[in-house]
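**Q** Residues per chain are reported as follows:
Protein chains: 2
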Amino acid sequence: MAKEAEFLFDYGSPNAYLVHRAIPAVEARGIVSFRYVPVLLGGIFKAIDNQSPMQAYGHIGAKVAYDRLEMQRFMAKHGIDKFVMNPHFPVNTLMAMRGAIAARELGCARAYDEAMFAAMWEQGLKLDLPDVWDRALTAVGLPAAQLAELAATPEIKAQLVANTEAAVAREVFGSPTFFLGQEMWFGKERLRDVEEAASA
Amino acid sequence: MAKEAEFLFDYGSPNAYLVHRAIPAVEARGIVSFRYVPVLLGGIFKAIDNQSPMQAYGHIGAKVAYDRLEMQRFMAKHGIDKFVMNPHFPVNTLMAMRGAIAARELGCARAYDEAMFAAMWEQGLKLDLPDVWDRALTAVGLPAAQLAELAATPEIKAQLVANTEAAVAREVFGSPTFFLGQEMWFGKERLRDVEEAASA
Chain A
391 MAKEAEFLFD YGSPNAYLVH RAIPAVEARG IVSFRYVPVL LGGIFKAIDN
441 QSPMQAYGHI GAKVAYDRLE MQRFMAKHGI DKFVMNPHFP VNTLMAMRGA
491 IAARELGCAR AYDEAMFAAM WEQGLKLDLP DVWDRALTAV GLPAAQLAEL
541 AATPEIKAQL VANTEAAVAR EVFGSPTFFL GQEMWFGKER LRDVEEAASA
Chain B
391 MAKEAEFLFD YGSPNAYLVH RAIPAVEARG IVSFRYVPVL LGGIFKAIDN
441 QSPMQAYGHI GAKVAYDRLE MQRFMAKHGI DKFVMNPHFP VNTLMAMRGA
491 IAARELGCAR AYDEAMFAAM WEQGLKLDLP DVWDRALTAV GLPAAQLAEL
541 AATPEIKAQL VANTEAAVAR EVFGSPTFFL GQEMWFGKER LRDVEEAASA
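Protein chains in written order, with my numbering: chain A, 391 to 590; chain B, 391 to 590.
No wet-lab data here; the hints were simulated from the structure.
Please note that a few of the clues may not be correct.
If several chains are the same, the list does not tell them apart, and a pair holds so long as it fits within one copy or across any two.
[Stated by the list, open to error] DMTMM-like cross-link-like pairs, simulated, lysine to aspartate or glutamate; straight-line CA separation at most 25 Å:
{"hint": "1", "residue 1": "K453", "residue 2": "E586"}
{"hint": "2", "residue 1": "K453", "residue 2": "E396"}
{"hint": "3", "residue 1": "K467", "residue 2": "D583"}
{"hint": "4", "residue 1": "K453", "residue 2": "E579"}
{"hint": "5", "residue 1": "K472", "residue 2": "D518"}
Keep in mind it's a predicted model, so treat the numbers as computed, not measured.
Same shape as in the complex, but just chain A (with noise of 0.2 Å):
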């Protein structure tokens, strides 16, 4: 019986989208499962005076070219081949990560996700745009529509605002995020962390 890890995750971190690639291979190996749990980065981020890997370090390029150098090893690892960085890099997520809520109480979450981290990291989709959310998720048979009035109530905002604020008191700091239990782990790395955790 696999152990289920949560893996925290916003469809805006390029790392994010990695993991959630890799994962089906993982899960077959039957040791560990992951709840995909939907933050806001963005929020994270405020909250504790933290930025993405670009803004702190975008002006040292060896660091830049390490870190693709690093997502190029993982996706060789994983069998990974149609990431593209996304042209609009950073995208605002906010709607985004409130239709993850949405879909979660629609029953379609699976289905989204997969549809917007295609859209951001295949596709390289300027998802902040509505018409070009909708469209993506209307083109894999989602109810864009539906999810978009969801989206915008009150009760799925705050929810958005929960999940945030409970990655923030669990030191949370960046996707992607994994908690085996209170363990946690950081990192696209760390996958294989978070499975030899769960076979011990």
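Following the hints, position chain B against chain A.
**A** The following block gives chain B in isolation, referenced to the frame of chain A:
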């Protein structure tokens, strides 16, 4: 026959110390051995406008706590039990790193590296004070006066500058950094990646 990797280090880096302590057990497996390459981390930071994680993220409690957690995990995994945070951190390592080059000239590199890492991260000494540095070496039978004299020569100073400039040219941005041929890895967690690459 083990492949030889390079381990670029500065005694001032706690994560370089942890790698130094982890290396013997890795080398004992016979897949990879490490050639220690002294570089001046402060010189690298200055050249590329980088800074230490503590300087960049010291105000973000959650990141500091997580870095400490990852250090503890690494220590638990590798049976490292003597680490203490140096109360004088960050310690200027210019003299210690020049001494590292001098020790290589004198054929006592291994004992010198061990003495400096232990003095910095087990004894918590303020190694930028000449008499503290001297005593740390004398205590383990190393020729402190001879090392100090040699470390002050233009040739030794130039060699440390050359090592540091070569590292910057190879896009090194921090410590610990590893090379296997031209392939680079950054960070203590990559030690196992280096070993995996060497076994391929």
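**Q** Are the hints correct? Go through all of them and say.
**A** Each hint tested on the structure:
no. : hint        : in the structure
1   : K453 / E586 : between (28 Å within a copy, 23 Å between copies)
2   : K453 / E396 : between (29 Å within a copy, 19 Å between copies)
3   : K467 / D583 : both (15 Å within a copy, 12 Å between copies)
4   : K453 / E579 : both (16 Å within a copy, 17 Å between copies)
5   : K472 / D518 : within (21 Å within a copy, 51 Å between copies)
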